[in-house]
Amino acid sequence: METERELNLEATELRLGLPGTSDESAKNTTHRSNKRALPEQPVSANMATTSKNCDQETAPHTKAQVVGWPPIRSYRKNSLQPKKSEAEMSGIYVKVSMDGAPYLRKIDLKVFKGYPELIKALEDMFKFKAGEYSEREGYNGSEFVPTYEDKDGDWMLVGDVPWEMFTGCCKKLRIMKGSDARGLGCVV
Amino acid sequence: MFWGSRKTINMNYFPDEVLEHVFDFIRSHKDRNSVSLVCKSWYKIEKYSRQKVFLGNCYSIGPERLIARFPGLKSLTLKGKPHFADFNLVPDDWGGFLYPWIKAMAKSRIGLEELKLKRMVVSDKSLELLSKSFPNFKSLVLVSCEGFTTDGLAAIASNCRFLKELDLQENEVEDHRGHWLSCFPESCTSLASLNFACLKGEINLASLERLVARSPNLKSLRLNRAVPFDTLQRLLIRAPQLVDLGTGSYVHDPSSEAYNKFKAAIQSCKSIRSLSGFLEVAPCCMSAIYPICENLTFLNLSYAAGLQSNELTKLIQHCKRLQRLWILDCIGDKGLGVVASTCNELQELRVFPSDPFDAGNAAVTEEGLVLVSEGCPKLNSLLYFCQQMTNAALITVAKNCTNFIRFRLCILNPIKPDPVTNQPLDEGFGAIVRSCKGLKRLSLSGLLTDQVFYYIGMYAKKLEMLSVAFAGESDKGMLYVLNGCKKLRKLEIRDCPFGDAALLEGMGKYETMRSLWMSTCEVTLGACKMLAKKMPNLNVEIINETEQTDSNLDDSQKVDKMYLYRTLVGHREDAPEFVWLL
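The listed protein sequences correspond, in order, to chains A and B. If you're matching positions, the first sequence starts at 1 in the UniProt record's numbering and goes up one per residue. If you're matching positions, the second sequence starts at 1 in the UniProt record's numbering and goes up one per residue.
Derived by calculation from the structure, the hints in this document are not laboratory data. Note that beta-carbon positions come from the ideal geometry of N, C-alpha and C, so glycine has one too. Each hint should be verified, as a subset may be incorrect.
Pair by pair, the computed Cβ-Cβ distance ranges are [what the hints assert, rightly or not]:
{"id": "1", "chain 1": "B", "residue 1": "GLU473", "chain 2": "A", "residue 2": "LEU104", "range": "57 to 65 Å"}
{"id": "2", "chain 1": "B", "residue 1": "ASN422", "chain 2": "A", "residue 2": "MET165", "range": "36 to 44 Å"}
{"id": "3", "chain 1": "A", "residue 1": "CYS169", "chain 2": "B", "residue 2": "THR189", "range": "51 to 59 Å"}
{"id": "4", "chain 1": "A", "residue 1": "LYS95", "chain 2": "B", "residue 2": "LYS320", "range": "51 to 59 Å"}
{"id": "5", "chain 1": "A", "residue 1": "ARG73", "chain 2": "B", "residue 2": "GLU545", "range": "15 to 23 Å"}
Selected chain A positions facing chain B (Cβ under 7 Å, derived; list incomplete) [claimed, not checked]:
{"id": "6", "residue": "GLY68"}
{"id": "7", "residue": "TRP69"}
{"id": "8", "residue": "PRO70"}
{"id": "9", "residue": "PRO71"}
{"id": "10", "residue": "ILE72"}
{"id": "11", "residue": "ARG73"}
{"id": "12", "residue": "TYR75"}
{"id": "13", "residue": "SER79"}
{"id": "14", "residue": "LEU80"}
Over 10 Å on every C-beta distance to chain A, these chain B residues come out as not near it, computed from the model [as the list claims (entries may be wrong)]:
{"id": "15", "residue": "PRO254"}
{"id": "16", "residue": "ALA258"}
{"id": "17", "residue": "LYS334"}
{"id": "18", "residue": "LYS509"}
{"id": "19", "residue": "GLU511"}
{"id": "20", "residue": "LYS534"}
Extracted from the complex, chain B is given alone in its bound form:
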């Protein structure tokens, strides 16, 4: 209605409050960004009413500028290290520190209520400052972060009086044996979501039970390994309203009293839609959860290393409404067949390797994937670690499932060709990108030539993130992608024969992207320097882990790791010695 340029409507006659109210309905970041570009008054109104900000790269802008731009900030999402840091390709101390952000926001009295971080270094000091600086702080979500201990958690528990959410996902947390859980005051009754599954140490079980008992809004509870079965059972009795449950240790004697009590307790948890955990599991106890399986939409058994294929399939046969399944590859191709015939509503499947380093033993192959594609036409998100893949299988999958948004395939031997034809997997992936017009994220593996990149550049028009390893033959490959994928935001490449020509020819593209990672490719220092010189809005960083200093290296030398990203604030000041800012 308001977008028209009809001359009879003059937007300046609308008071700001009305526009603000309208803008409230615009939630997406992209749309709000567009709104702010319309005219000066819209920019101003949008600026002051913006509450949620997402920064995919914490170094693209500094805290002070962010605060100046959006003084009404209430909810901030920050991502730090590049994605390949997840796989040990980025040394510790590379960067991504939270503290400067907290310090700046505290100083400017930002009314921060929510903070979501991914791959950031979070110190106890920053958690303490956070807990004391923002009286309305409600939600802390940390994913793949590090640098903090349970002392930091104790500060959050003690000081955040209105805390609703504390969600710790896959972080490396040093356990100081403090009773952080006991630090939640008796007056704290606002918790809706508590996830401490990644903590390795003991916790005070009595405090946990009391906390759950006084949290009527608790909908999501994910326990760590130290929470035993009988505590789990008592917690379920106190919180039958749970929607999302992560068990801790799930080991018990099926003939025991505690087990019988558990069976009774879980039956009354009619709202559970999401189930995870089973960090330690006794297979014989799984039947106790069958009664709630028909309501489940998300099941995560990817840490349940103790379950074999037959136990897994028996369980899954009860889960007819499943939309998301995370599982280990010990389910096998046959087990995936059971998934295919049972879970017709499935949208997301992740199959993780139970034995990551023994490629000969991965239990799933292309057969399992084909079966799933036949039974689950709604599949739109895939992460699949497998022993092998064929072009024929990928072509079949592409025909059966055209809705893929995320397609990540990892063949454990990274340069394995199609075992039937001995050909590269170019045609298979080509079929995927041709068929799935909405594809946003793609990860490749297997033997691949420049041809697969030709297909990607030609067909993957909505692609935003591409991960490439051990693929391609020449610079042409990389150029196909840079020239063809108009929506590309993140490109990460390792161990590919792409060099200076590709890097430099794609120069114009990088400012439209968030970041580019290239490691163990053919890129030289000279080319990186040239790129940095020509593109002042890019930070070009070299990670150099050898003993050499700048002066020793000449420009023709190949660079081991290069990470470049667009930024408004130039070189960062917290780079360690081994990171060269060109």
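Here chain A stands alone, though its shape is the one from the complex:
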């Protein structure tokens, strides 16, 4: 897993990470099985020892599962479940680049419920502050501006369109430096 690789890298001090990148933020973005353990293993509300449960801790929703609830036959549960994991595994992964960074990252847009979460995750990942978003002025008070390439190939400011529409048409993310972003309404 990526975390392990990073741990090893850290141990050998071959850090290729971006300035300020730590294991923490990397873990948040690489473990994407964001739903709780599937009920093949009945998980009692008190158990928290398996690795699947570690994912629970970082996931947006942590629901303790009660064994045998809701009362649905295993056969039916198993029939519906595969559909679910397929849907989850096919997350919306987009590349994220930042001006000045040596390499790109990838994030799964499906994990986020809206823009605030996305921006926060980007800020954590790349150690910058996006400033405050307003429809009129874009991102105010920041050196960096989050932008994205849409289906038509145009570079757009993140935050203008409804979230659902955004996740549907976003192909790539780019954290632009203030000076480049001047035309997008950023006030530096």
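Got chain A; can you put chain B on it based on the hints?
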């Protein structure tokens, strides 16, 4: 006519054959049981003429005694594991093995023709023995069983020369990639019903087509996911007489030739009354089945996860004669409104959760149920998984639908109160039991106090099966039910504060019931031991999944899972280590 005790008629002057002929008209198990109690000669005649036997608990009697009691046995129904085994509450290997039954019946040369099993462990060995021991075997129905592979099915196909029915419902079958379907000999033309929807593996499509082509009596055909759309279309052409169809994969390009052929083929299937399957579904293809919708009485879309609410409602609007509908909750409350306005003949509704573990997202609430109750006054059977329920809604439903026989409500958060009033749902369920005098089966959920049990004990006089989870406050709750529900046969309880006092005070009741399940309650080992000692006709079993042995546990310790049932044959001999027979 014959029941009178008029002294002028002496039943002993009637030859046995006449009585036997009369008894032939008596089909219900209960009535036949009553008949056999009248006198010795009636007992004898009924005994030898009985062909159908139903055993709700396979451990209530042993195979040898059954055979001795009914030597003319032709049709047997057996149920094995307790109901809560469906929800992973019973460990594997608990029991319910078919093999001893087959072995005993084969040895005694029983002329078995039909076998229906539920929650039993069925080995390939038992299927093979079955297929070779009963030359007139005609019908095998397996529901929620496990332990067999497609090799066992191959044996059935190969050896049962007069097989009419092979019906596999929701079983866990290991697929060995053998061509079991090809094992039906060319001479086999008797199939009337074939359901292999639960099989996960590939099957030989050419063999399937040939089999269907040579089965003129085929009325019911349910395919698995591996049967593609074009095969479905070819099968329909060969079997336009079908009454019950389960599609396999229902994914195809609506502009393709196969799709057009399908549309034509389905139009000639004028007899289809029951439709299910859609295990994989492309929403755009659903319009092809609109032509047959007006004849449908049963529609099962509960596995069609790919269909959204608008597609579902468009389809349902064509189904005016529907009597039974099984659907996923993505239909939503509005969609249920469409059901209510279209399906006025509806008797049974089952709404399953499409996302069982995300209680916040269940798409149906009390509103959908109320709408259905307003539009479908004939509703008598309900299974409803929902986000929330209110007392007001249940009271309205009770007023609109007084015919409920089965009422099973599952609120995904099991202790959720009425969200409007923040009260428990006692009054709502109380209204249901008061209004539906014929209620036989009830499953409760939501926040519930002892009061709901007071109502159940008071009003649910015909109740036979009650399922309770996370409900009640004290032993009084359980006692209301045990004392009030005279017809109670099965009681299953989990995670309720009922303890020894209730368990022991209800002692006299258990012999009149089939079984009692209590898990994660307040019952102690000591009380279970006492019960077992005082009631020799009950088997009291403790399922203990920890490492502890008998000697370590003291009587005051709470028992995690207890299952007791009446029996004529004492302790079973096939219990695994983790089951303690007290």
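Verification of the hints:
no., hint, verdict
1, GLU473(B) x LEU104(A): 57 to 65 Å, "holds (59 Å)"
2, ASN422(B) x MET165(A): 36 to 44 Å, "holds (38 Å)"
3, CYS169(A) x THR189(B): 51 to 59 Å, "holds (58 Å)"
4, LYS95(A) x LYS320(B): 51 to 59 Å, "holds (53 Å)"
5, ARG73(A) x GLU545(B): 15 to 23 Å, "holds (21 Å)"
6, GLY68, "holds (4 Å)"
7, TRP69, "holds (6 Å)"
8, PRO70, "holds (5 Å)"
9, PRO71, "holds (5 Å)"
10, ILE72, "holds (6 Å)"
11, ARG73, "holds (5 Å)"
12, TYR75, "holds (4 Å)"
13, SER79, "holds (6 Å)"
14, LEU80, "holds (6 Å)"
15, PRO254, "holds (22 Å)"
16, ALA258, "holds (24 Å)"
17, LYS334, "holds (20 Å)"
18, LYS509, "holds (24 Å)"
19, GLU511, "holds (27 Å)"
20, LYS534, "holds (30 Å)"
Of the numbered hints given earlier, the model fails none.
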